[in-house]
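As given, the protein sequences belong to chains A and B, one line each in that order. When the letters of the first sequence are read in order and numbered with UniProt numbering, they come out as residues 1 to 198. When the letters of the second sequence are read in order and numbered with UniProt numbering, they come out as residues 1 to 198.
A couple of the hints might just be wrong.
List of simulated lysine-lysine pairs, DSBU-like, C-alpha gap at most 30 Å [said to hold, decoys possible]:
id: 1; chain 1: B; residue 1: K35; chain 2: B; residue 2: K49
id: 2; chain 1: B; residue 1: K35; chain 2: A; residue 2: K35
id: 3; chain 1: A; residue 1: K49; chain 2: A; residue 2: K35
id: 4; chain 1: A; residue 1: K193; chain 2: B; residue 2: K35
id: 5; chain 1: A; residue 1: K35; chain 2: B; residue 2: K193
id: 6; chain 1: A; residue 1: K49; chain 2: B; residue 2: K193
Okay, the calculated beta carbon distance ranges per label pair [what the hints assert, rightly or not]:
id: 7; chain 1: B; residue 1: L183; chain 2: A; residue 2: N144; range: 40 to 48 Å
id: 8; chain 1: A; residue 1: V174; chain 2: B; residue 2: Y155; range: 55 to 63 Å
id: 9; chain 1: B; residue 1: M94; chain 2: A; residue 2: A171; range: 51 to 59 Å
id: 10; chain 1: B; residue 1: T68; chain 2: A; residue 2: R23; range: 46 to 54 Å
id: 11; chain 1: B; residue 1: L183; chain 2: A; residue 2: A194; range: 50 to 58 Å
id: 12; chain 1: B; residue 1: E52; chain 2: A; residue 2: G186; range: 21 to 29 Å
id: 13; chain 1: B; residue 1: S78; chain 2: A; residue 2: S116; range: 40 to 48 Å
id: 14; chain 1: A; residue 1: A37; chain 2: B; residue 2: G21; range: 22 to 30 Å
Because the hints were derived from the structure by calculation, they are not lab data. The beta carbon of each residue, even a glycine, is placed where N, CA and C say it ideally should be.
There are 2 protein chains.
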Amino acid sequence: MSRPHEIDALIDLMARLPGLGPRSARRAVLHLVRKRAVLLLPLAETMRKVGEAVHDCAVCGNITTADTCEICADPARSNGEICVVEDVADLWAMERGGAFGGRYHVLGGTLSALDSVGPEDLRIPDLVERIGREGISEVILALNATVDGQTTAHYIAEELAETGVRLSSLAQGVPIGGELDYLDDGTISAALKARRGL
Amino acid sequence: MSRPHEIDALIDLMARLPGLGPRSARRAVLHLVRKRAVLLLPLAETMRKVGEAVHDCAVCGNITTADTCEICADPARSNGEICVVEDVADLWAMERGGAFGGRYHVLGGTLSALDSVGPEDLRIPDLVERIGREGISEVILALNATVDGQTTAHYIAEELAETGVRLSSLAQGVPIGGELDYLDDGTISAALKARRGL
Numbered sequence: 001m002s003r004p005h006e007i008d009a010l011i012d013l014m015a016r017l018p019g020l021g022p023r024s025a026r027r028a029v030l031h032l033v034r035k036r037a038v039l040l041l042p043l044a045e046t047m048r049k050v051g052e053a054v055h056d057c058a059v060c061g062n063i064t065t066a067d068t069c070e071i072c073a074d075p076a077r078s079n080g081e082i083c084v085v086e087d088v089a090d091l092w093a094m095e096r097g098g099a100f101g102g103r104y105h106v107l108g109g110t111l112s113a114l115d116s117v118g119p120e121d122l123r124i125p126d127l128v129e130r131i132g133r134e135g136i137s138e139v140i141l142a143l144n145a146t147v148d149g150q151t152t153a154h155y156i157a158e159e160l161a162e163t164g165v166r167l168s169s170l171a172q173g174v175p176i177g178g179e180l181d182y183l184d185d186g187t188i189s190a191a192l193k194a195r196r197g198l
Numbered sequence: 001m002s003r004p005h006e007i008d009a010l011i012d013l014m015a016r017l018p019g020l021g022p023r024s025a026r027r028a029v030l031h032l033v034r035k036r037a038v039l040l041l042p043l044a045e046t047m048r049k050v051g052e053a054v055h056d057c058a059v060c061g062n063i064t065t066a067d068t069c070e071i072c073a074d075p076a077r078s079n080g081e082i083c084v085v086e087d088v089a090d091l092w093a094m095e096r097g098g099a100f101g102g103r104y105h106v107l108g109g110t111l112s113a114l115d116s117v118g119p120e121d122l123r124i125p126d127l128v129e130r131i132g133r134e135g136i137s138e139v140i141l142a143l144n145a146t147v148d149g150q151t152t153a154h155y156i157a158e159e160l161a162e163t164g165v166r167l168s169s170l171a172q173g174v175p176i177g178g179e180l181d182y183l184d185d186g187t188i189s190a191a192l193k194a195r196r197g198l
């Protein structure tokens with residue numbers, strides 16, 4: 001194929017982004033070349049900056065450009081609650097809701113025998129240590145309702161049992177705006193079991 | 001939202017790529033941050049290189065890092081045929097097929113009264129000039145089978161009428177592997193009108 005090798009290299013790299021395949025990577029690259037001044041060069045520069053400046057928060061694992069992230073640096077968020085999430089995308093999802101006023105602990109994944117991810121890969125020892133250091137009263141496990149997520153939640157619950165901290169997890173049930181006819185059986189069973197008096 | 005502003009800037013830019021929305025841009029950016037060394041920094045560097053090195057071929061409008069693109073620079077492809085395409089994506093599609101041995105002329109779009117795109121925006125004067133200069137015998141109009149594509153093809157045909165060059169367009173009909181039941185009526189009619197003796 002008679003393409004400049006820089007273009008081929010860019011297509012190969014773009015095709016490795018989630019949500020883009022070879023065809024959409026080609027389309028994206030042509031779009032970038034057409035919008036050189038307003039998109040391609042700003043994107044190159046912003047990626048370079050992010051690559052140089054962004055790293056994990058030393059306390060919670062959130063991404064930040066400072067030593068500790070904005071949430072960990074905010075004294076107003078030191079309310080004795082830690083919300084444990086799998087990754088930064090989940091932290092962002094929680095923050096979009098705006099309902100949680102405490103701090104986070106980003107595991108960076110879930111336990112997985114298949115991918116040989118153990119507790120030491122997941123900032124779980126850090127979490128135990130934080131509970132003592134920060135005087136935490138409640139740990140909310142906001143892990144995904146998948147097999148790996150729930151396995152990880154169980155493991156963390158066992159690890160924290162002797163710290164005496166209060167443990168909770170997100171409620172399971174019918175999503176807001178959800179229609180029963182479109183929900184899976186597991187969700188309906190869970191919502192029924194956890195039914196509340198009116 | 002408590003995100004570093006570099007991350008927000010990167011999400012905004014990524015969301016402007018075709019095929020990515022705000023949600024998939026967030027996912028892509030987190031993926032980039034996680035794969036800093038193998039994806040984020042190489043991508044930044046490759047984008048910078050492409051932005052600096054890649055420009056339009058002075059002859060045909062293909063993208064290239066040299067003065068003229070590889071196809072225009074290849075004497076073996078000077079066979080008197082020019083294939084006219086809308087944009088570089090179409091040139092790539094033709095090259096993937098590998099069935100065409102001549103050179104290209106990339107219009108950079110189609111005539112469009114709505115978007116006020118006129119002939120002078122589309123390298124059509126360049127095309128007329130090339131036909132004389134390069135001693136072209138046949139011009140193949142490989143424009144998309146859309147209203148704008150076909151309007152542009154008609155306009156070019158009129159412009160080239162007095163040059164005496166042979167004009168052709170891609171055949172229309174049933175795609176290879178196509179099932180009649182899934183084809184639109186227009187394609188079936190076109191295929192029937194253009195039927196060939198066995």
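| Honestly, do S78 (chain B) and S116 (chain A) meet the 40 to 48 Å range at C-beta? | violated, 58 Å
| query | Lying within 50 to 58 Å: is that true of the beta-carbon distance L183 (chain B) to A194 (chain A)? | reply | holds, 52 Å
| request: Starting from the hint 55 to 63 Å, judge whether the C-beta atoms of V174 (chain A) and Y155 (chain B) obey it. | output: The hinted range 55 to 63 Å holds for V174 (chain A) and Y155 (chain B), with Cβ atoms some 59 Å apart.
| query | CA of K49 (chain A) to CA of K193 (chain B), is that 30 Å or under? | reply | violated, 59 Å
| query | Are the Cα positions of K35 (chain A) and K193 (chain B) separated by 30 Å at most? | reply | At roughly 42 Å apart (the allowed maximum being 30 Å), K193 (chain B) and K35 (chain A) break the hint.
| query | Do the beta carbons of T68 (chain B) and R23 (chain A) sit within 46 to 54 Å of each other? | reply | Taking Cβ atoms as reference, T68 (chain B) and R23 (chain A) lie about 27 Å apart, which means the hint is violated.
| Quick one: are L183 (chain B) and N144 (chain A) within 40 to 48 Å, going by C-beta? | holds, 43 Å
| request: Using the Cβ atoms, figure out if M94 (chain B) sits within 51 to 59 Å of A171 (chain A). | output: holds, 57 Å
| request: Decide if the proposed pair is consistent with the structure: K49 (chain A) and K35 (chain A), CA atoms, cutoff 30 Å inclusive. | output: holds, 20 Å
| message | Just to be careful, I want the Cα atoms of K35 (chain B) and K35 (chain A) compared with a cutoff of 30 Å; is the pair within it? | response | holds, 25 Å
| message | Given the hinted pair K193 (chain A) and K35 (chain B), is their Cα-Cα distance within 30 Å? | response | Cα-Cα ~42 Å, so violated.
| query | Does 21 to 29 Å hold as the CB distance between E52 (chain B) and G186 (chain A), or does it fail? | reply | Violated - the Cβ-Cβ distance for E52 (chain B) and G186 (chain A), about 54 Å, lies outside 21 to 29 Å.
Of the numbered hints stated above, those contradicted by the structure are hints 4, 5, 6, 10, 12 and 13, listed in ascending order.
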